[in-house]
Amino acid sequence: MSDPITSIGNWIENLLVSLGTSPGLTVLILTALGVLVVISFVLVLDILLVWVERKIVARFQDRLGPNRVGPFGLIQPIADVIKLIIKEDTIPAGADKVVFNLAPVIALVAVLLIWAVVPFTPTLVGADISVGVLYIVAVGGIGTVAIIMAGWASNNKFALLGAFRTVAQIVSYEIPLVIALLVPVLLARTMSVQGIVANQEIWYIVTAPVAAAILLISGIAEIGRTPFDLLEAESEIVAGFHIEYSGMKFGLFYAGELLHALTIGALFSTLFLGGWRGPFVDQFPILGIFYLFIKAFFVYFLIMWIRYTLPRIRIDHMLNFNWKFLTPLAIVVLMITAITDKLLENVSGFGYTVIMLGVNILIVWITLIILRSYSSREREKVGEPRPVANVDVSNTAPGEGTPSTSSTG
Amino acid sequence: MVPISWYLIFAAALFCIGLFGVLARKNAIAILMGIELMLNAVNINLVAFWRYGTPRDISGQAFAVMVFAVAAAEVAVGLALFISVYRRRRTVAADEIDLLKW
Amino acid sequence: MTIDQILFILVAAATLGAALLVVTSRNLIHAALWLIVSLFGISIFYVFLNAGFLAVVQVVVYIGAIAILMIFAIMLTRRVADTPGPRFNSNWIWAVLISVVLFGTISWIISSWPGINGTKPGLVEAFDPVQKLGVALVSPEAYVIPFELASVLLLAALIGAIIVAWERE
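Residue numbers (the working numbering), protein chains in the order written: chain A, 1 to 409; chain B, 1 to 102; chain C, 1 to 169.
No wet-lab data here; the hints were simulated from the structure. Fair warning: there could be bad hints in the mix.
What the hints assert, rightly or not - Computed list of lysine to aspartate or glutamate pairs in DMTMM-like fashion (alpha-carbon distance at most 25 Å, straight line):
1) A:K324 with A:D282
2) A:K342 with C:D128
3) A:K157 with C:E167
4) C:K132 with A:D46
5) A:K324 with C:D128
6) A:K87 with A:D128
Said to hold, decoys possible - Per the computed footprint, the stretches of chain B lying under chain C, defined by three or more beta-carbons under 8 Å from a beta-carbon of chain C, are:
7) 7-15
8) 22-33
9) 41-48
10) 54-62
11) 74-88
12) 92-99
Unchecked claim - Just some of the chain A residues that point at chain C, by a computed CB distance under 8 Å:
13) V99
14) L113
15) Y135
16) G141
17) T144
18) M191
Quick reminder that beta carbons are idealized off the backbone N, C-alpha and C, glycines included.
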């Protein structure tokens with residue numbers, strides 16, 4: 001009874017074989033069942049996330065949050081869903097109907113597809129493909145297509161502008177994301193996500209903290225949360241690419257965004273915080289799900305904390321930050337990790353981790369020195385007193401003009 | 001079991017559809033889409049021959065990766081050219097860009 | 001008809017149908033979206049051919065980058081009047097003829113090849129082409145030179161595209 005889910009799977013498989021179905025069909029039915037179970041689990045968690053989000057934002061803002069509908073406001077998300085479903089389903093005039101209706105579905109599907117490669121327990125993973133990490137990047141690309149479809153099909157200039165900006169941000173921040181994803185791949189020697197978790201006796205956040213930080217920042221930019229949420233801020237671009245969406249279609253976008261945040265949390269915990277690892281996981285593999293979701297929710301809390309504390313970044317600052325700081329830093333981290341890994345070929349375990357950690361601290365130190373010199377140069381440029389206008393008194397008519405003030409520069 | 005002929009005929013059909021797109025369409029970006037279809041058909045051919053012929057020798061996949069890189073580079077430069085042409089001549093129809101015609 | 005064959009026929013039909021719609025769509029954005037569908041179909045074929053890495057790279061490079069770039073270019077080069085003009089130029093009948101003749105010729109040549117009905121050789125259990133591909137792309141006896149040349153090509157395309165599309169103020 002230590003691994004109930006695999007036992008149930010085996011029992012269903014034996015049942016189907018005894019009923020005489022061909023092996024191909026058995027695999028198909030089991031896979032379909034697995035997909036159904038994972039999707040239902042994740043979507044139910046998504047509804048819970050609506051409640052978590054509203055309660056925690058309320059506490060950050062020193063108020064209580066929903067507490068009328070059900071105990072502690074737990075039924076509030078159901079009320080939200082009912083409200084969204086009974087709203088009128090409008091399509092703007094001149095919009096492209098099929099593309100307009102398809103965009104929110106594809107946006108949500110693109111997030112759900114990532115859960116196919118997240119390992120829940122040592123024996124339970126949707127699809128243990130050998131290129132799992134690259135698959136995650138690919139699915140992010142599909143989300144981008146959904147956003148362009150939404151922006152274009154709305155027949156609305158602001159939606160189109162919002163879609164352009166969103167795609168620019170997502171495509172720009174994909175680069176440090178991919179490079180930061182490569183660091184655990186390098187440390188674990190495999191691109192399969194289950195393999196990366198299996199190789200993490202010491203969590204990779206200790207071995208590669210800078211890469212973890214870059215992954216977190218790029219992940220927050222990818223999902224479009226503050227401080228990178230210029231794309232959907234009401235005061236800036238009137239909700240961006242989902243202006244024209246109302247009712248359940250908007251609900252799908254909103255749920256997709258929350259789920260994407262939890263997915264980034266799950267990814268971060270899988271790649272850097274050890275995934276399903278924890279005490280007693282070898283004897284009771286089912287505990288793996290529990291540990292994974294504790295870590296995922298902790299990272300989700302971190303993302304929310306950042307969201308409700310920091311102000312929004314302007315779009316040119318955001319792009320500068322990506323191309324002039326994050327991408328060079330990510331490339332440097334990858335190169336130095338690869339070189340150090342090669343040099344440490346014969347060192348293993350604890351010594352390896354300590355030296356990697358030292359190298360990362362060195363990188364942070366040097367980055368801070370460079371940033372400090374850059375910012376002090378900036379301060380000199382701005383801090384100089386500006387020359388005041390030099391009015392020439394000798395040429396003015398008599399009775400006019402005040403005595404000139406010479407420049408004080 | 002799927003014999004290799006099916007893959008080859010599928011790739012040939014895709015190539016010919018792309019060829020039709022290149023030869024018959026007016027808009028320059030639609031021509032570029034036809035070129036993309038042709039490059040993908042070639043890639044399918046390469047990988048099918050790799051899988052059915054010599055799966056131990058990774059050359060087929062290596063060349064498919066080269067074709068990916070070349071296709072990406074070509075699309076980037078091509079679209080930059082079209083945008084630049086559009087700025088000067090306000091059109092991307094291939095038969096209206098004929099200043100060099102004698 | 002085994003299940004492989006049924007799946008192959010379904011995906012091939014979908015991909016070829018989407019490709020036909022790409023070359024005959026009046027609305028360019030619809031053509032771009034159908035192109036995304038056919039590129040996705042090709043990615044499924046790579047999975048059938050045990051080239052999983054190529055399947056994922058196809059989605060990342062083609063759908064995630066090239067198709068989006070095309071959609072942006074279409075939106076930036078639309079005329080204000082926005083009525084799409086005639087789809088085909090005056091030679092479209094010749095184009096149909098050439099395509100059909102070429103397809104017939106290639107099919108005839110393929111069918112007269114002796115290895116035509118070859119089936120897939122079986123694979124060893126621990127078949128991991130990803131590692132072999134990685135080693136082949138950087139090993140001096142294999143494909144490191146094309147790999148480096150491809151990097152230089154991409155760099156040249158990057159710089160060239162920026163310079164060509166630069167707005168001259």
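#### Entry: Status of the A:V99 interface restraint (C-beta, 8 Å, chain C)
A:V99 check passes; min Cβ-Cβ to chain C is 7 Å, inside 8 Å.
### Task
Sort out whether A:D128 lies within 25 Å of A:K87, counting only the CA atoms.
Roughly 41 Å between the alpha carbons, so the hint for A:K87 and A:D128 is violated.
### Task
Would you check whether A:T144 satisfies its interface hint, that is, whether its CB is within less than 8 Å of any CB in chain C?
Holds. Min distance 6 Å.
### Task
Count residues of the segment 92-99 of chain B with a Cβ under 8 Å from any Cβ of chain C, then say if the count reaches three.
Three-residue rule met by the segment 92-99 of chain B, so holds; n is 4.
### Task
With a cut-off of 25 Å on the C-alpha distance, tell me whether A:K324 and C:D128 pass.
Measuring from Cα to Cα gives roughly 37 Å; hence the hint is violated.
### Query
Would the pair A:K324 and A:D282 pass a check requiring their Cα atoms to be no farther apart than 25 Å?
Between A:K324 and A:D282 the Cα gap is close to 45 Å, so the pair fails against 25 Å, i.e. violated.
### Query
If you draw a straight line from the CA of A:K342 to the CA of C:D128, is it 25 Å or shorter?
At roughly 23 Å apart (the allowed maximum being 25 Å), C:D128 and A:K342 satisfy the hint.
### Query
Do three or more residues from the segment 74-88 of chain B put their C-beta atoms closer than 8 Å to C-beta atoms of chain C?
Since three or more residues must qualify, the claim that chain C covers the segment 74-88 of chain B holds, with 12 doing so at under 8 Å.
### Query
Close enough to count: is the Cβ of A:G141 nearer than 8 Å to one in chain C?
holds (2 Å)
### Query
With a Cβ-Cβ cutoff of 8 Å, does the segment 22-33 of chain B contain at least three residues near chain C?
Per the Cβ count (9), the hint holds.
### Task
Given that the segment 41-48 of chain B was listed as covered by chain C, double-check it with a C-beta distance under 8 Å for 3 or more residues.
Check passed, 4 qualifying residues.
### Message
Next item in the hint list is A:L113. Is there a CB on chain C closer than 8 Å to its CB?
### Response
Interface hint status for A:L113: violated (11 Å vs cutoff 8 Å).
Going through the hint list in order, the structure does not satisfy hints 1, 4, 5, 6, 14.
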